[in-house]
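Visitor: Knowing the structure of chain A, use the given hints to seat chain B on it.
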Amino acid sequence: MPADAILRFEAVAKTYVARRGAVAAVTGVSFALTPQRVFGIVGQSGSGKSTLANLLVREETPTAGRILFDGADIATLHGPALKAFRRAVQMIFQDPFASLNPRLSVGRTVSEPLLIHGLGDRAARRLRAIAALEAAELRPGAAFLDNLPHQLSGGQRQRVAIARALVLEPKVLVADEPVSMLDVSARAGVIQLLRRLVDERGLALAFITHDLSLIGTLCDEVAVMHRGAFVEQGDARAILTRPQHAYTRELIAAIPVPDPRRAAADQPRSPP
Amino acid sequence: MSLLAIEDLSVRYGRTEALRAVSLALDAGTSLGLVGESGSGKTTLALALLGLLPKAGRVTRGRVLIDGVDLLTLAPEALRRRRWVDLAYVPQGAMNALDPVSDLRHQFEATQRAHRDGNAKARAAELFARVGLDESWLRRFPHEFSGGMRQRATIALAMLFEPRLLVADEPTTGLDVLVQRQVLDLLREARRERRMAMLFVSHDIAIVAELCERMAVLYAGELVEIGATADVLDSPAHPYTMGLRRAVPDIRFPDRTTLSIDGAPPSLAPPPKACAFAPRCPFAQPRCHAEPVSARVLPDGRHVACHRASEAAALWVEAQAPETWRRAG
Numbered sequence: 021m022p023a024d025a026i027l028r029f030e031a032v033a034k035t036y037v038a039r040r041g042a043v044a045a046v047t048g049v050s051f052a053l054t055p056q057r058v059f060g061i062v063g064q065s066g067s068g069k070s071t072l073a074n075l076l077v078r079e080e081t082p083t084a085g086r087i088l089f090d091g092a093d094i095a096t097l098h099g100p101a102l103k104a105f106r107r108a109v110q111m112i113f114q115d116p117f118a119s120l121n122p123r124l125s126v127g128r129t130v131s132e133p134l135l136i137h138g139l140g141d142r143a144a145r146r147l148r149a150i151a152a153l154e155a156a157e158l159r160p161g162a163a164f165l166d167n168l169p170h171q172l173s174g175g176q177r178q179r180v181a182i183a184r185a186l187v188l189e190p191k192v193l194v195a196d197e198p199v200s201m202l203d204v205s206a207r208a209g210v211i212q213l214l215r216r217l218v219d220e221r222g223l224a225l226a227f228i229t230h231d232l233s234l235i236g237t238l239c240d241e242v243a244v245m246h247r248g249a250f251v252e253q254g255d256a257r258a259i260l261t262r263p264q265h266a267y268t269r270e271l272i273a274a275i276p277v278p279d280p281r282r283a284a285a286d287q288p289r290s291p292p
Numbered sequence: 006m007s008l009l010a011i012e013d014l015s016v017r018y019g020r021t022e023a024l025r026a027v028s029l030a031l032d033a034g035t036s037l038g039l040v041g042e043s044g045s046g047k048t049t050l051a052l053a054l055l056g057l058l059p060k061a062g063r064v065t066r067g068r069v070l071i072d073g074v075d076l077l078t079l080a081p082e083a084l085r086r087r088r089w090v091d092l093a094y095v096p097q098g099a100m101n102a103l104d105p106v107s108d109l110r111h112q113f114e115a116t117q118r119a120h121r122d123g124n125a126k127a128r129a130a131e132l133f134a135r136v137g138l139d140e141s142w143l144r145r146f147p148h149e150f151s152g153g154m155r156q157r158a159t160i161a162l163a164m165l166f167e168p169r170l171l172v173a174d175e176p177t178t179g180l181d182v183l184v185q186r187q188v189l190d191l192l193r194e195a196r197r198e199r200r201m202a203m204l205f206v207s208h209d210i211a212i213v214a215e216l217c218e219r220m221a222v223l224y225a226g227e228l229v230e231i232g233a234t235a236d237v238l239d240s241p242a243h244p245y246t247m248g249l250r251r252a253v254p255d256i257r258f259p260d261r262t263t264l265s266i267d268g269a270p271p272s273l274a275p276p277p278k279a280c281a282f283a284p285r286c287p288f289a290q291p292r293c294h295a296e297p298v299s300a301r302v303l304p305d306g307r308h309v310a311c312h313r314a315s316e317a318a319a320l321w322v323e324a325q326a327p328e329t330w331r332r333a334g
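Residue numbers (the numbering used here), protein chains in the order written: chain A, 21 to 292; chain B, 6 to 334.
Errors might be hidden in some of the hints.
Covered by chain B, per the in silico footprint, the following chain A stretches (three or more residues, Cβ under 8 angstroms) [unchecked claim]:
#1 136-150
#2 226-232
#3 256-262
In case anyone wonders, no lab produced these hints; they're calculated from the structure.
Heads up, the beta-carbon is just placed ideally off N, CA and C, and yes, glycines get one too.
Here chain A stands alone, though its shape is the one from the complex (with noise of 0.2 angstroms):
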């Protein structure tokens, strides 16, 4: 593991109490993340990576094991140093018609953040919203501030999510499928923007999906996560072309690939 990471975590367990005994969402795992590079999280649903992501910005806290931040276990942090992991993990979420609020206007949503944590007079927060704004390419940004969500496309949206996320000025992004929602044309911008982000900022990017294709172009590690567990772990490039698990061989073959030969040599054509 690189020292200069600044998230880790250390066998990290999560385990819940319910009715029939107890659920294990995650078992075990460590990992690290570290600035300029994007540790990709591969997993399907109830595979444990919703509870991961939690996990990464203290929603929850491990049954065993420990998370580390800044070489302090976050579960220990309270008060200062806890706002302040508050605002340097930052997350961006799944669906941006469902995370941002309907009736706030872009400013409002992105200057949000700053109002909630004290920061800056009102002009202070309309500078640094814009700045924000135009950092997630949306430009100029001051054109943004006073539209509503539905006057946005979907990827639009996204990058009011990513610029409220990055407005705090945060060393790590938690991104939970941030483009399964957006249309095919909308994603590879998203995908690039993060990847910008991550490049030119220096920040740490988790970014948690169920489609191995989104990964190849985006990040540096993967793990594919599977009941809990991470079943393979190492260089993204590496687990593309050289899976050496059964289960992330098998997620690779079940994704549909844009080559019409390679089908139609299972799929009989039909008389014209």
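Guide: Relative to the frame of chain A, chain B by itself:
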């Protein structure tokens, strides 16, 4: 005669001309993929042909022929009788397609009763088996099913009368990769076994490549390209199709960057007079912004609505370079 022929179909929602002069045909046993981004008119087309447009929607022109009979002229009762039996529908988000207050067995029985005499019970069990659901699940309610199971149950219900045409609207959107694989295999099986024709609506051309022999690309309510899937994907002739082709990741080539088509579709209230894609098109010329475009036929039988269709091969070479799409900004 085609099983389905849509001729010159136009649909409005108030001032918005959501679908404009769309014509396409589907032969028995064949499949057509309908692709385009949100707001392109895909779902409007599916709903119009099923006679299920929302109240605000109105067909202003055109015909929808099934075996030569215009569905749009049928009385509501006659159309209702043909639905399920001749043409079945798997809607977007099967979450809401099932009745939440009855178990699945009742839904099969109610559908059966509404159309024909006969015992739905044995048939329901058989259909459940075919979609990989245990018979015992017929006693369960939709909320007890996972998303994938619900989608499979909806497809099983749609197969009740072995319809000759299945209209499926994004049936796998929101499903995990492995569940999506099951649903795609299931649809392919059903087509192969029953020679069922299928109109498959999707924003994902990789899925269309797997399931459909032909594909049609909709943009801003108009058909911009239609032809054999292999031709359209190998050598797209409309710049919008080229953009979609470059936007889809291919798991076999992890290093290949995907591109996005910047901007958004135009307002359709009223629609632009010239090419609707011109403002986003990296290849637009002055005439593209000024003159209406009509479809022309390529040697391989494709229809393409682009002023520069004759240069398509050269444009496709350019379209593969990332710089081309950045320029479009």
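Visitor: Next step is simple, just say for each hint if it's right about the structure.
Guide: Hints, one by one, checked against the model:
1. 136-150: violated (count 0)
2. 226-232: holds (count 3)
3. 256-262: holds (count 4)
The earlier numbered hint that this structure contradicts is number 1, and it is the only one.
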